[in-house]
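Colleague: In case you want the letters, here they are:
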Amino acid sequence: MRAELPAEPSTSESLPPAGPHWVWVNDVNFFSMPDGQAFLIDADAGRMLGMVSTGYSFNSVVLPKAAAGVIYSPEAYYSRGTRGTRTDVVTLYDTAHLKPVGEIQIPPKRASVMPMSAAAGLTDDQRFLLIYNFTPSQSVTVVDTRSRRFVGEIETPGCGLVYPTGARSFFSICGDGALLNVTLTEEGKAAARERTAVMFDGARDPLTEKGIRLGDTWYFVSFEGTVYPLRATAHGVELGRKWPLATQAERAQGWRSGGLQHLAVHRASGRLYAIMHRGGPYTHKDPGTDVWVYELASHKRVQQISTRHKAGSIAVSQDDQPLLYTCFIESNVLDIYDAQTGRFLRSVEGVGQTPTIMVTP
Amino acid sequence: MSRLDRIVESMARGVARRSSRRHFLGSLGALLCGAAVMPLLPVARGAPAPAAGPAGADPGDPGSCDYWRHCAIDGFLCSCCGGNTHSCPPGTEPSAITWVGTCHNPGDGHDYIVSYNDCCGKASCGRCLCNRNENDKPLYMPFASNDYNWCAGSQSGIAYNCSTARIVGRAR
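Heads up: the sequence lines are chains A and B, in that order.
Numbered as in our numbering, the first sequence ends at 361 without a single skipped number.
Numbered as in our numbering, the second sequence ends at 1172 without a single skipped number.
Among the hints, erroneous ones may be present.
To be verified - Chain A stretches covered by chain B per the calculated footprint, using a threshold of three residues with CB under 8 Å from any CB of chain B:
1) 88-94
2) 130-140
3) 168-177
4) 225-236
5) 275-285
6) 339-351
The hints are simulated quantities; they were obtained by calculation from the structure and are not laboratory data.
It should be emphasised that the depicted structure is a prediction, and the values quoted were computed from it without experimental measurement.
Glycine included, each C-beta is placed from N, C-alpha and C at the ideal position.
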C-alpha cells in the first residue's frame, strides 16, 4: 500500500537576498491602468518569485543597494479607483516578503507617462529619491530615504526627468537642448540650479530620454543613432566626443536604435547594448530583433545578437556572468540570453500584460 | 494677431482658468524658448463644432490606426470608444491641454495641425490601441511628446480613457 501524502500547512513564501540574476519587470498595465504591477523573476530558474501591486500609471520600482532591505515604489492612487482624491506615495516594500512596510506621502504630481527609467532616481549615496513631476508644470520631488520624509520640490521649468550625477546632484534635460544642473544641500533642498550651454539640436535630431550611465558619464543616443556622452565634472556636465552606432553604409540601410528601453550597460566590462532595427525617421520607439554591443571606451562594436522575439526593452545583469533580458510591451514574454555569447537561454511567458521597463539589482 | 499668437493665447487662457497662472506660465515660457518649430505648440480645447467638409476631403476610417490624422497619436482611439475624432465618450472630459502633431491629409493635399486631446475620468477604453510617432519628440519637449498622459491638469485627474484627433487648423 502506498504511503499517504502528508497534510500541509498554509504558509507564505519569503525570499533570500537578491541573486545577481534576478530581474524586476514593471508593468503599467495599459489596459487597466489603476492596477500597476512589478514582477520579480529569477532568470536562472526561469521562475517568477513574486510581485508588488503598485497603483495608477505605474512607472517602475527603484532598487537601492541590497543592504537597505527595502525597495521603493513611487505610486498614485484614487480614493474611488479612477476618481476621488488622488494620493501619491512612495511605498517601501521589504525585500524578504515584498510587503508594504512604509509609506511616504508626496505631492500628487508624479508624472503620468510612458514608463521611463529617468522618471525617478536615487542620488549616488542612496540618500535622496528624486521623482519627476508634470502637472504640466515641471518639477522634481525630493524624498529623504533616511528619515523617510518628503523634503520638498525643486522647480525645473522647461526641463524634465531626473539623471543623478553624484551624492548631491542631478540634471534634467531641457526642451532647447540644454541641461539643468541641480545641486542639493545636505538636507535635500536645491543649492544651485544652472542651465548649461545647448548640448544637442532637439528640433533636428533629439536625444532619446532613455540614457544609461557608466561612472561619471551618461550616454544618450539620438534618433539618428549618434551617441552623446555627457560627463559630470566638477564644473558641471560636459559633452564628450560623439560617435555613431552604425556605419555610414548601415545608416544608409536604415539601421537605427529604438524602443522603450533601448539601451543597457554592463558596467564592469564597459559594454553598451543597443536595440537596433531598420526603419525610417521617427521610428525611435520601434522594437528591434537585433542587439548590438559596443565597448564604450573604444566605440568598437564587439557583438551582434539576434533576438528570438521583438525587443522593445533590454536590461543586463551586473555580475561577471551577465545575462541579457529582453521584453516588449505588446507581448508578455521575458527572453533571457547569455550577454557575453548572445546565446538564447530561456523564456518566461505570461509576465504581466504590458511589460514596460526592467531593473536589475 | 498672428496665428501663432492666437493659438498660444487661447491655450494660456484655458490653462489659467484651471491652474496657478504664475506657475504654469513660467514653465510655458521656458518650453516655448526651446520650441523652434512652429507646429510644436500646445493648444487648448474649446474650439467650435466643425462644419462638415466637402465629400472626400477627410478620407479614411477614424476607427483605424492608419487614418491620416493619427500620424502622431499614442493611445486608444476615441472613435472606437463612444466618442469621435473631436469629442470624448460620454462621461469623460477632454484634457485641458495636450500635444499636437502635423499630419498630411491625402484628401486635400494640405498639412493640418492635429491636437490629440486625451479623454479623462475613466479607466482605459482598451479598444483600437494605436501608436504612430511622426514628429514625436521626447518627454523633455512635452507639447510635442505623445508619451505624456495629458489627463494631467484636467479636472478629472489622470484616469486616461482614450485619445481624440482634432483638427486645429492648417499648418502653414
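Colleague: None of the hints should be skipped; say for each whether it holds.
Modeller: Status of the hints after comparison with the structure:
1. With a cut-off of 8 Å between beta carbons, the segment 88-94 of chain A has 0 residues touching chain B; three or more are needed, and the interface restraint is violated.
2. Residue count for the segment 130-140 of chain A with a Cβ under 8 Å from a Cβ of chain B: 5. That meets the three needed, and the coverage hint holds.
3. For the segment 168-177 of chain A, the stated coverage by chain B is satisfied: 6 residues place a CB nearer than 8 Å to a CB of that chain, which reaches the threshold of 3.
4. Under the rule that three or more residues need a Cβ within less than 8 Å of chain B, the assignment of the segment 225-236 of chain A is violated, with 0 such residues.
5. Check on the segment 275-285 of chain A: 4 of its residues sit with their Cβ under 8 Å from a Cβ of chain B, so the three-residue criterion for coverage holds.
6. Here the segment 339-351 of chain A counts 0 residues with a CB under 8 Å from a CB of chain B, which misses the bar of 3, and the coverage is violated.
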